[in-house]
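Peer 1: Top to bottom, those sequences are chains A and B. Mind the numbering: the first sequence is residues -3 to 146 in the numbering used here, read in order. Mind the numbering: the second sequence is residues -3 to 146 in the numbering used here, read in order.
Worth flagging that the hints you see were computed from the coordinates, not collected in a lab. Please read all numbers here as calculations on a predicted model, not as lab measurements. Beta carbons: idealized from backbone N, C-alpha and C, even for Gly. There are no misleading hints in this set.
Distance condition first, Cα-Cα at most 25 Å in a straight line; then the derived DMTMM-like pairs of lysine to aspartate or glutamate:
| id | chain 1 | residue 1 | chain 2 | residue 2 |
| --- | --- | --- | --- | --- |
| 1 | A | K18 | A | D46 |
| 2 | B | K18 | A | E13 |
| 3 | A | K18 | B | E17 |
| 4 | B | K18 | A | E57 |
If you want the ones that stay clear, here's a sample from chain A, every Cβ over 10 Å from chain B, calculated:
| id | residue |
| --- | --- |
| 5 | S35 |
| 6 | A44 |
| 7 | Y66 |
What follows is a list of derived Cβ distance ranges for each label pair:
| id | chain 1 | residue 1 | chain 2 | residue 2 | range |
| --- | --- | --- | --- | --- | --- |
| 8 | B | R101 | A | D118 | 25 to 35 Å |
| 9 | B | E62 | A | L119 | 28 to 38 Å |
| 10 | B | D39 | A | Q134 | 21 to 31 Å |
| 11 | B | E62 | A | E73 | 53 to 63 Å |
| 12 | A | A65 | B | G106 | 37 to 47 Å |
2 protein chains.
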Amino acid sequence: MAVLGKDPRCSVARSLEVLGEKWTLLVVREAFYGATRFSDFQDRLGIARDVLAARLSTLVEFGVLERRAYRESGERERTEYVLTDAGRELHVVLAALIQWGDAHRPTGFGPAVEHRDRGTGDLLHVGFVTADGREVAQSDVLAVSGPGAE
Amino acid sequence: MAVLGKDPRCSVARSLEVLGEKWTLLVVREAFYGATRFSDFQDRLGIARDVLAARLSTLVEFGVLERRAYRESGERERTEYVLTDAGRELHVVLAALIQWGDAHRPTGFGPAVEHRDRGTGDLLHVGFVTADGREVAQSDVLAVSGPGAE
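Bound-form chain A, shown alone:
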């Protein structure tokens, strides 16, 4: 896929090359929710087979999902799709999208998904944090040019 926009060094554009096509992030969402088989994704999303096949191939090509062979007794070998480490790191991207949707496109029923600390049950949100794990308010965050800026 071509790099969108004029700046090939922009990581938003580079992420969207993998994730920006219609359906792709929803396929990733279903992988987080436990879908592994082609039919799982298709049943849950109601997506055309050829589109789903293309999205799964892109996600495998770019290392978000990996293909594994599995066989249930008496059946032919099939392929399942499992999140890689890189894929699991998309959790915070999905959670940031969920947070924005819950705040600005609310359904009226409250959040469908909440993120909680496994140990304490504390409700979590997505934010900017320092290396030592202290949250910084969005109004105090500055975007500056890094070493890879042109």
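With the hints as your guide, set chain B onto chain A.
Peer 2: Here is chain B on its own, set in the frame of chain A:
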């Protein structure tokens, strides 16, 4: 736009209704970087005029950008596009995408953009945090059904 997938209560899908079309998040990125005029967005992105006009309209319709009139001396009145509060809250979504792109689709030149604490200059990342501002490791984050789940 129709709700993608079968679950209209999913906030990923509801966010992507606004943000999921090709170019939309790059238009938002340019707004963060200071673009306000139609020609700013067009020059920076190299995007077709009709596509840009459609994306800007969607972002205005859903409250991410607002139109303002401005006039430079001797010229006709023109429209500029300015991020709303809801639009500014997309900063963490863009930063999460940047972080993933820098980690998993590196350019070899290092990050083009860094996020830093305005006061201390500390380098920031995007993560899961508790209400009292303590980061929780991704491996300790659990996604659970909230009140709006079906």
